[in-house]
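K.L.:
Protein sequence lines, in the order shown, are assigned to chains A and B. Just so you know, the first sequence maps onto residues 1 to 122 in the numbering used here. Just so you know, the second sequence maps onto residues 1 to 424 in the numbering used here.
Simulated from the structure, these hints should not be mistaken for laboratory data. Each hint should be verified, as a subset may be incorrect.
To be verified - In silico SDA-like pairs for lysine to any residue, Cα to Cα no more than 25 Å straight-line:
1) A:14 to A:75
2) B:59 to A:39
3) B:59 to A:51
As the structure is a computational prediction, the values presented were derived from the model and not from experiment.
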Amino acid sequence: MEEKMKILCITCPKGCSLEVTRDGQTVVEVKGGCKRGHEYAQREMTDPRRMVATTVKVKNGVHPLLPVYTSEPFPKARIPALMATLREINIDAPIEMGSIIAENILDSGVNIIASRNMNAGV
Amino acid sequence: MIKSKYDVVIIGAGPGGLAAAIAAKQQGAQDVLIIERDLELGGILQQCIHNGFGLETFKEDLPGPSYAQHFINDALALNVETLLDTMVLDITPQRRIYASGARSGFLEIDARAIVLAMGCRERTRAQIRIPGMRPSGVFTAGTAQRWVNVEGYMPGKRYVVLGSGDIGMIMARRLTLEGAQVEGVLEVMPFLTGLTRNYVQCLMDFDIPLHLSHTVKRVIGRGRVESIESVQVDEKWNPIAGSEKIIPCDTLLLSVGLIPENELSKKAGVLIDPITGGPFVDDRFETNVPGIFAAGNVVHVYDLVDWVSEAGRQAGDSAARFALIERRKETRHVPVKPGPNVRYIVPQTIDRESLATGNVRMQLRVRQPIESPVWVEIRGNDNLITRKGELYARPGEIITLEIPMKAYDEVQLVDELVIDVVKR
Numbered sequence: 001m002e003e004k005m006k007i008l009c010i011t012c013p014k015g016c017s018l019e020v021t022r023d024g025q026t027v028v029e030v031k032g033g034c035k036r037g038h039e040y041a042q043r044e045m046t047d048p049r050r051m052v053a054t055t056v057k058v059k060n061g062v063h064p065l066l067p068v069y070t071s072e073p074f075p076k077a078r079i080p081a082l083m084a085t086l087r088e089i090n091i092d093a094p095i096e097m098g099s100i101i102a103e104n105i106l107d108s109g110v111n112i113i114a115s116r117n118m119n120a121g122v
Numbered sequence: 001m002i003k004s005k006y007d008v009v010i011i012g013a014g015p016g017g018l019a020a021a022i023a024a025k026q027q028g029a030q031d032v033l034i035i036e037r038d039l040e041l042g043g044i045l046q047q048c049i050h051n052g053f054g055l056e057t058f059k060e061d062l063p064g065p066s067y068a069q070h071f072i073n074d075a076l077a078l079n080v081e082t083l084l085d086t087m088v089l090d091i092t093p094q095r096r097i098y099a100s101g102a103r104s105g106f107l108e109i110d111a112r113a114i115v116l117a118m119g120c121r122e123r124t125r126a127q128i129r130i131p132g133m134r135p136s137g138v139f140t141a142g143t144a145q146r147w148v149n150v151e152g153y154m155p156g157k158r159y160v161v162l163g164s165g166d167i168g169m170i171m172a173r174r175l176t177l178e179g180a181q182v183e184g185v186l187e188v189m190p191f192l193t194g195l196t197r198n199y200v201q202c203l204m205d206f207d208i209p210l211h212l213s214h215t216v217k218r219v220i221g222r223g224r225v226e227s228i229e230s231v232q233v234d235e236k237w238n239p240i241a242g243s244e245k246i247i248p249c250d251t252l253l254l255s256v257g258l259i260p261e262n263e264l265s266k267k268a269g270v271l272i273d274p275i276t277g278g279p280f281v282d283d284r285f286e287t288n289v290p291g292i293f294a295a296g297n298v299v300h301v302y303d304l305v306d307w308v309s310e311a312g313r314q315a316g317d318s319a320a321r322f323a324l325i326e327r328r329k330e331t332r333h334v335p336v337k338p339g340p341n342v343r344y345i346v347p348q349t350i351d352r353e354s355l356a357t358g359n360v361r362m363q364l365r366v367r368q369p370i371e372s373p374v375w376v377e378i379r380g381n382d383n384l385i386t387r388k389g390e391l392y393a394r395p396g397e398i399i400t401l402e403i404p405m406k407a408y409d410e411v412q413l414v415d416e417l418v419i420d421v422v423k424r
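Just need the whole structure built from these sequences, with the hints factored in.
P.N.:
This is the structure we're talking about:
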């Protein structure tokens, strides 16, 4: 059974409207947007993912929180579980931007990366 | 150690100021100082932990703090000096800066050029005149962002956001991820004012309702916000009677626009465009006050940080060029000092450039008479530049001699000229 639906592309700031025709989990056709938009539509129908940017706790840092982000888009349905796991982290300063704070988190293949340097506080 | 004079002083260490400092150094400014009121460099980017920054500059999708860190690292590698936790109190049109801070004390700093990079600040409840009671729990979205993302406080549990700009929507998502309930986003315009992608990934993903053509009619609560009353508006923003709804919440976040922050600019005599709220600038980002430049959100509120950095780069570059011309002017004059047997010389200083168009006449008197032939010598850094013979030298008779045009090149290189009269 084919069904048509409209989704909004989030790949770039343009925000194109895409018309997706699908048969169950299979995408039959995508109208509108560009090549990256079509890839997005494909993934959004089968395995929707989002970049997640949040914070983890820091011990002895200049701030109590370290901003972190996912190395690549993370499965959307598991974001609440990701947040719960990150809430348990409490790492020591100093930390350098780009350090891996958690590797292959929740067996997702995605790493959690430090967004900035965090010096140790006084 | 903070010096009393700098080539370029930049007010504000956000993306505009950091880019200006880097560009000023790269353009050849020797001393570059950034004065920042916060405890660290980076400005508001440090609290914008979401990604989406730097696609133009780095061709990479970075969180705000990472974007800032790249510029911080570059500035520090170029030996840009920084003065943190320090508030600039006043700037004069002559480019003297008065600043103060708990650690830095009271400072007076002269700048050959200044870059204003103070950014912008958020509109508050008072500026959009929301009626109702005045309990705690009404905050700007940026204030809440700082608490949640940097300081680690949640300002409430149940939120309503007024304004569908990107900051409002991004905060709605952020608060939801941190376990709060966001009851809805109200937007007075009949359309979304932020990006569509943020509507999708910040509101739709979390089933947060967006109410277009809606605003807050009044705030209700004693001590703390208990609810707000929303109302639908027509195309002229007039409330539509009967459309009021009470939305229970403990916090109202305002994301209702940004205003360039120009109190210091005005003190320096910088003219402000009433439309942008920022200084009038030329194509090199110079204001109407010579040597005072402005860049970034202090000039007008940008959509993308990449453009703020680009404006900062241009302003820093222009400021360095201005400073170098100032420096040359300051060093253009060379003092002429009397040697042991000279009482005084007029003129006391000469403009090195005068030798480009003619000889420069000097007149002097000796201290002690010499009743035999003498040399009147002009030396620069101990090298003889020119001399003239006289049959005698007496304090009662002025001696005249000229520095010849051909000494132009030599005079450019000396720190001072010394004239003395000695026995031949």
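K.L.:
Evaluate each hint against the coordinates.
P.N.:
Now for the hints, and whether the structure bears them out:
no. : hint         : result
1   : A:14 to A:75 : holds (23 Å)
2   : B:59 to A:39 : holds (19 Å)
3   : B:59 to A:51 : holds (17 Å)
Going down the numbered hints, you'll see the structure goes against none, and every one checks out.
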